[in-house]
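Undergrad: From first to last, the protein sequence lines are chains A and B. For the first sequence, counting from 1, position 242 maps to 242 in my numbering; every step adds exactly one. Count along the second sequence starting at 1, add 337, and that's the number in my numbering.
Worth flagging that the hints you see were computed from the coordinates, not collected in a lab. Any given hint might turn out to be false.
SDA-like, lysine to any residue: derived pairs with alpha carbons at most 20 angstroms apart [claimed, not checked]:
# : chain 1 : residue 1 : chain 2 : residue 2
1 : A       : LYS204    : B       : VAL385
2 : A       : LYS204    : B       : ASN366
3 : B       : LYS364    : B       : LYS523
Quick caveat: nothing in here was measured; it's all calculated off a predicted structure.
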Amino acid sequence: MGWAPVAALLFSVACATVPPPAPETVNWPPLPQPARVQRVGEIRHEVDLGIQRGWWGRVVDTVLGHRQESLLTRPMGIECLEDGRLLVTDPGARRVLLLDPLHHRIQRIPSDDHLSLPSPIDAALDGHGHLLVSDSVLGQVLRFDLKGRSLGELGSGGLLDRPTGIAVDTERDRIYVADTTRHQVVVFGPDGQVVRVIGGRGAKAGEFNFPTHLALDRHGNLYVTDAMNFRIQILDPAGRSLAVIGRLGDGPGTFSKPKGVAVDSLDHLLVVDALFDNVQVLARTGAPLLAFAHSGSDAASLWLPSGIAIDAHDRVYVADTYNHRIQIYQLLPEAQP
Amino acid sequence: MKLAVLLSALLTLLAPPARSMSVVDSKHNLSVSGPGPYKSLVEEEVCVFCHTPHESSGVGVLWNRNESVASYITYTSSTLQNAPGQPTGSSKLCLSCHDGTIALGEVRSRPAPIAFPTGLENLNAGPAFLDTDLQDDHPVSMAYPTTLPGYVQAALLDLPLDPAGLVQCTSCHDPHDDAAGHFLRKPNLASALCTTCHDPVGWLAAAHATSQEVWDSTPPDPWPNSTETTVAANACENCHSPHNAGSSRRLLRSDTEEDNCLVCHNGHVSFKSVVADQQKPYHHPVETTFGVHDPTEDSATMARHVECVDCHNPHAANATTAQVPAASGALAGVSGITDLGTPATPATNQYEVCFKCHGDTANGAAAISRQLLQTNTRLEFDRNNPSFHPVEWPGTNLNVPSLLSPWNTSSLVYCTDCHASDSGPGNGGAGPAGPHGSIYPFLLEREYVVADGTAESATAYALCYKCHDRTSILANQSFPTHALHLGVTVNAPCSVCHDAHGISATQGDAAHNSHLINFDTAIVTPYLGTLAFQDNGTFAGQCTLSCHGKDHLPSVYP
Chain A
1 MGWAPVAALL FSVACATVPP PAPETVNWPP LPQPARVQRV GEIRHEVDLG
51 IQRGWWGRVV DTVLGHRQES LLTRPMGIEC LEDGRLLVTD PGARRVLLLD
101 PLHHRIQRIP SDDHLSLPSP IDAALDGHGH LLVSDSVLGQ VLRFDLKGRS
151 LGELGSGGLL DRPTGIAVDT ERDRIYVADT TRHQVVVFGP DGQVVRVIGG
201 RGAKAGEFNF PTHLALDRHG NLYVTDAMNF RIQILDPAGR SLAVIGRLGD
251 GPGTFSKPKG VAVDSLDHLL VVDALFDNVQ VLARTGAPLL AFAHSGSDAA
301 SLWLPSGIAI DAHDRVYVAD TYNHRIQIYQ LLPEAQP
Chain B
338 MKLAVLLSAL LTLLAPPARS MSVVDSKHNL SVSGPGPYKS LVEEEVCVFC
388 HTPHESSGVG VLWNRNESVA SYITYTSSTL QNAPGQPTGS SKLCLSCHDG
438 TIALGEVRSR PAPIAFPTGL ENLNAGPAFL DTDLQDDHPV SMAYPTTLPG
488 YVQAALLDLP LDPAGLVQCT SCHDPHDDAA GHFLRKPNLA SALCTTCHDP
538 VGWLAAAHAT SQEVWDSTPP DPWPNSTETT VAANACENCH SPHNAGSSRR
588 LLRSDTEEDN CLVCHNGHVS FKSVVADQQK PYHHPVETTF GVHDPTEDSA
638 TMARHVECVD CHNPHAANAT TAQVPAASGA LAGVSGITDL GTPATPATNQ
688 YEVCFKCHGD TANGAAAISR QLLQTNTRLE FDRNNPSFHP VEWPGTNLNV
738 PSLLSPWNTS SLVYCTDCHA SDSGPGNGGA GPAGPHGSIY PFLLEREYVV
788 ADGTAESATA YALCYKCHDR TSILANQSFP THALHLGVTV NAPCSVCHDA
838 HGISATQGDA AHNSHLINFD TAIVTPYLGT LAFQDNGTFA GQCTLSCHGK
888 DHLPSVYP
């Protein structure tokens, strides 16, 4: 007799999986303008990656109530890999996560629970299936395999002082590492040898003042966030200056605290600004096209964002650092009603 | 009076002027000319790294013609969705650079966990608690609560709150002036900065605020990030770290609770080594629990654990001595359970601290199987009991000829008179006082053998002989067959008949359990179903039992 309610409870828990609420979408620009950018979702909890707790876990959740733990503490760097996978650095949790929404998996890097990275800023996948993680406190770029096992360092022995942004050019087999306190970008070859050092401290084109984030376009041109010169610099694969975009200011087309930079399929620049709490979309010439997001914690907002990455389908991922989440936006093709 | 006024005026003149430094000479000068000597520098160039000038490009955005050419920065939204961990106002400005890229986000208090040479402590390299609160840094963007102990009116603080009345980075740091180092608003000698807002009870007299002890250079380094060299000068930072603390709870340097204490209390800063006692086989097991202790816990319902802070309050502990049964300064400001079982906040008597865990919540198996089993020491020492060692109250027995001076039948004893380190001052040693650890079972200060067949000697029952004269006992001044039972034909230990703590009035009575009589049933067995002692008056009684094959039918004395 007493089994019936227990069985009913267990049955209901096992079979009725309550789906997470549909994410709120926000369009920019707002109506009546045609939408160009749409916020389509966020990654905050494991359930956002389609990872369900096991059967017993759901029983426990139903009986005891479950507080969703945040997957991310203070996410900073983002990189898009194939198959929708994301590489996210989290200095707040002192680790890097490899997120796989398609296969509902999360890989912690380093995989050894006893190791932690004091300040992982950016991460990238090199051409040989290894993960590169820059740590600004250790002063090194660390190599890991896809299972999170440590494989050594890149640029040890004083080659890097404070490595921050990383970009990998798989076609030319080059690894670009921004060295913020040396005001230069160090270019490594496939064997870890230094191929070139770009820049030096200064205010002219080709010179930097605290460069931080890096991005590459499909032509192999390098985009550098020249943070304390308040501009984005574009350089060709040989390191020659192609363009200087932006200046200090508080209006469109200007920057205050530029962070991550990324390039979409139409060669637009997307620049994250941590003090504006927005992402500015600029043409290759530097003309401001659009800005989306503003200060706050809701669907339309960001709070001290940092890294940005765009995948092959023009899906934009922004590390919304102090909201402990990744915001997902979709760039829309021309003339979307 | 006039002289005093004159003197104070003179001293004011002699006081050094408030130091200040220009931001141009500090690390916050991020221009390409860098900090340090420079010849020509446009002054505005220095300010723009933090203060964004109004610069509207004049060209509207091409994709959103509705958007006005307004500035993106809104200075009025400092309370937008104020949630824990969400920096606002000036803290947002600081954190936009201090995120590990342009500037390092945290001051590294300890890059690696504390490595004790003996390997005693847990070595956890990563943070154990991934709180969504992200607080391994001092919280900012919060109101200054009036409920804070020692709350001082905000208007009287010499550290500023922001225009919205919130604590921000700028409450402790002045980003323009690096005169005090770390851009602090005032030097943090003796934690003057921390104590502006935080005033724990008893702090001014506490040992950690006054001790002039220094480090003798033997690893581990207790103050890796400090230039101060004494305990008093480091004050709060002996245990806490305002940025990148090892533990996100209470901003302690180490996540492993006892590591915060043992990094100094190992004889290399502190005079005496608690670490040495902790390594002995019988000790309070602070190393077995991690993350269980919570200062708000209720000893009646908490998960069983022990940490240093269950007995010691580091904000209040001091070196004052006390008379039994009062707790000494080492136990100042700690909660306890009274003899009646009610909470004592703070505990005033030493035994009240022990009763927190060894009283009503004691859950271990009894060490010795007795006729009347009792593990609750609060019940064992109750003053209404038929007999008990005088921890709470003078004992019931007015006839104890064996007592050594200075003890007499109206004396009281501390728990720590028996339970202490074998190398502590009570045993003539140089180690710390207190029940941290001992080589003797039951964490006893001296040897106390409980096994049957023990040859009697001054060392076998050294604990008892601390207060009870061995000569008197062997001369049968009280019980006429002490010498027989202890001697070579029987070799019985004291514990066969005597229960060292006491017998609870809920289980025994004065007729049968005076003189701490509570037989060890593993050694003593009933005779024809009866196992009993009967008190027949002064130095008179009878025992009905069977032991070593000898039946006591009863045996009557004298």
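Undergrad: Taken at face value, is the distance from the CA of LYS523 of chain B to the CA of LYS364 of chain B at most 20 angstroms?
TA: It holds: about 17 angstroms lies between the C-alpha atoms, which stays within 20 angstroms.
Undergrad: Just to be careful, I want the Cα atoms of LYS204 of chain A and ASN366 of chain B compared with a cutoff of 20 angstroms; is the pair within it?
TA: holds, 19 angstroms
Undergrad: Is the Cα-Cα distance between LYS204 of chain A and VAL385 of chain B 20 angstroms or less?
TA: Answer holds: LYS204 of chain A to VAL385 of chain B is near 18 angstroms, not above 20 angstroms.
No hint from the list above goes unmet by this structure.
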